[in-house]
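Novice: Chain residues, written in single-letter form:
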Amino acid sequence: MKTKTEYLTFNLPARMAFENITPKIAAIVRESGVTEGLVLCNAMHITASVFINDDESGLHEDYQKWLERLAPFDASPQRYAHNRTGEDNADAHLKRQVMGREVVVAITNGELDFGPWEQIFYGEFDGRRAKRVLVKVIGE
Amino acid sequence: MKTKTEYLTFNLPARMAFENITPKIAAIVRESGVTEGLVLCNAMHITASVFINDDESGLHEDYQKWLERLAPFDASPQRYAHNRTGEDNADAHLKRQVMGREVVVAITNGELDFGPWEQIFYGEFDGRRAKRVLVKVIGE
Amino acid sequence: MKTKTEYLTFNLPARMAFENITPKIAAIVRESGVTEGLVLCNAMHITASVFINDDESGLHEDYQKWLERLAPFDASPQRYAHNRTGEDNADAHLKRQVMGREVVVAITNGELDFGPWEQIFYGEFDGRRAKRVLVKVIGE
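So the sequence lines, in the order shown, correspond to chains H, X and V. Every letter in the first sequence is one number past the one before it in our numbering, and letter 137, counting from 1, is 181. Every letter in the second sequence is one number past the one before it in our numbering, and letter 109, counting from 1, is 153. Every letter in the third sequence is one number past the one before it in our numbering, and letter 139, counting from 1, is 183.
Fair warning: there could be bad hints in the mix.
Calculated cross-link-like contacts (lysine-lysine; reagent style DSS-like; alpha-carbon spacing at most 25 Å) [to be verified]:
{"no.": "1", "chain 1": "H", "residue 1": "K48", "chain 2": "V", "residue 2": "K46"}
{"no.": "2", "chain 1": "V", "residue 1": "K109", "chain 2": "X", "residue 2": "K109"}
{"no.": "3", "chain 1": "X", "residue 1": "K48", "chain 2": "V", "residue 2": "K46"}
Residues from chain X that face chain H, not an exhaustive set, calculated with beta carbons under 8 Å [to be verified]:
{"no.": "4", "residue": "M45"}
{"no.": "5", "residue": "T47"}
{"no.": "6", "residue": "R74"}
{"no.": "7", "residue": "M88"}
{"no.": "8", "residue": "A134"}
{"no.": "9", "residue": "V148"}
{"no.": "10", "residue": "R176"}
{"no.": "11", "residue": "L178"}
Rather than coming from a laboratory, the hints here were simulated on the basis of the structure. Every residue, glycine too, gets a C-beta built ideally from N, C-alpha and C.
Start from the sequences, fold in the hints, and give me the full structure.
Specialist: Quick look at the structure:
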């Protein structure tokens, strides 16, 4: 069995933003030498996501508008009890649950085994500081 | 270490529909010869889901009604920027995030290690064409 | 390859409640002897979740309020078709989809490979009876 562990750092300027991290994950998989197995990619922070969807800017606008409607930003402790702690990002913890913490992707013949439009994204919901994504490859 | 990779194809007639794929996944696990390990099942398309819940038709109606309320179908580009591309399925990309892309299930003693009501479903949110599910077994 | 399988039982008194299960998962990982690999933790019941977020009581209040807004409890079969079966917990099946069934966590150097605030929770949405969480460790 082979394993490989890498940590990627992201520092997105906007409160809410998405970055396509597929090329970085694909490179780590190739470097691992694993030809059959799984790769786990997860946000190591609880106001961020790793998710798989389409690399289309209109869709990303839609995600932002939709998440803002489901869990609006509001720094006040009246709306969100979490903000009593001095934080202002309770909404980001909620948005991240909708989009998910992690993806697990199959590795087949040494490559990410993807459908035609699948791309891996880092999703930031609280922004403005560096956060990490863990990439763990396991297989043979 | 053993691995096995299979692709299942689904072509559901309705825009939104669910199909119980547990027997197919269980058969692949048995054929793999893996007795202890994990099986990843994921939609390979970004307007579809694989999820685990109850095989009860009333609940499936509830999921459909609820998802339609959270992310209504609307082909217009006024509501969804993604539909400026000529697509009409932005809502399906949103619905799929709520229901999830994938499940990872434990294999114990050669079988899916499930609670009493757990069943695996393929969830279609855009319908009317063939889509694939990837099944990756890893273990010993 | 090494694997280890454990089942944890929870019996939370409230309809909706969260319990931090990180110490129990960390202990199982240590007992497994796996130093590099993955651990899957999933609810074995379809009105419960395992998820990762912050151990902050205000945030947990926010999750409860937010989930109640997204999928309100209503025992009547008028609102939820699932409740025609005599069940009263259709809302719990919906809440669980938002919060997720499972998490997969990397094991590095024999420990859960976590960011600074990541904690694993059992989430109960229907309460008042014992339910199980499956923990499956796989690695070397």
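Novice: For every hint, state whether the structure bears it out.
Specialist: Here is how each hint holds up against the structure:
A threshold of 25 Å between alpha carbons decides the hint, and for K48 (chain H) with K46 (chain V) the separation of about 17 Å falls inside it, so the pair holds. Note on K109 (chain V) and K109 (chain X): the hinted pairing holds, with a Cα-Cα distance of about 21 Å set against a maximum of 25 Å. Taking the CA atoms of K48 (chain X) and K46 (chain V), the gap is near 18 Å; set against the 25 Å cutoff, the hint holds. Annotation: interface hint on M45 (chain X) holds; nearest CB of chain H at approximately 5 Å, less than 8 Å.
Hint on T47 (chain X) holds. Least Cβ distance to chain H is approximately 4 Å, under the 8 Å limit. Interface hint status for R74 (chain X): violated, as the beta-carbon distance to the closest one in chain H is roughly 19 Å, over 8 Å. Because the smallest distance between the Cβ of M88 (chain X) and any Cβ of chain H comes to about 3 Å, under 8 Å, the interface hint for this residue holds. With a cut of 8 Å, the hint placing A134 (chain X) at the interface with chain H holds, because the nearest CB-to-CB distance is about 5 Å.
Below 8 Å, beta-carbon pairs count as interface contacts, and V148 (chain X) has one with chain H at about 6 Å; its hint therefore holds. Evaluation of the R176 (chain X) hint against chain H yields a held restraint, the C-beta minimum of about 6 Å falling below 8 Å. The beta carbon of L178 (chain X) is positioned within 8 Å of a beta carbon in chain H (closest approach about 6 Å), and the interface hint is therefore held.
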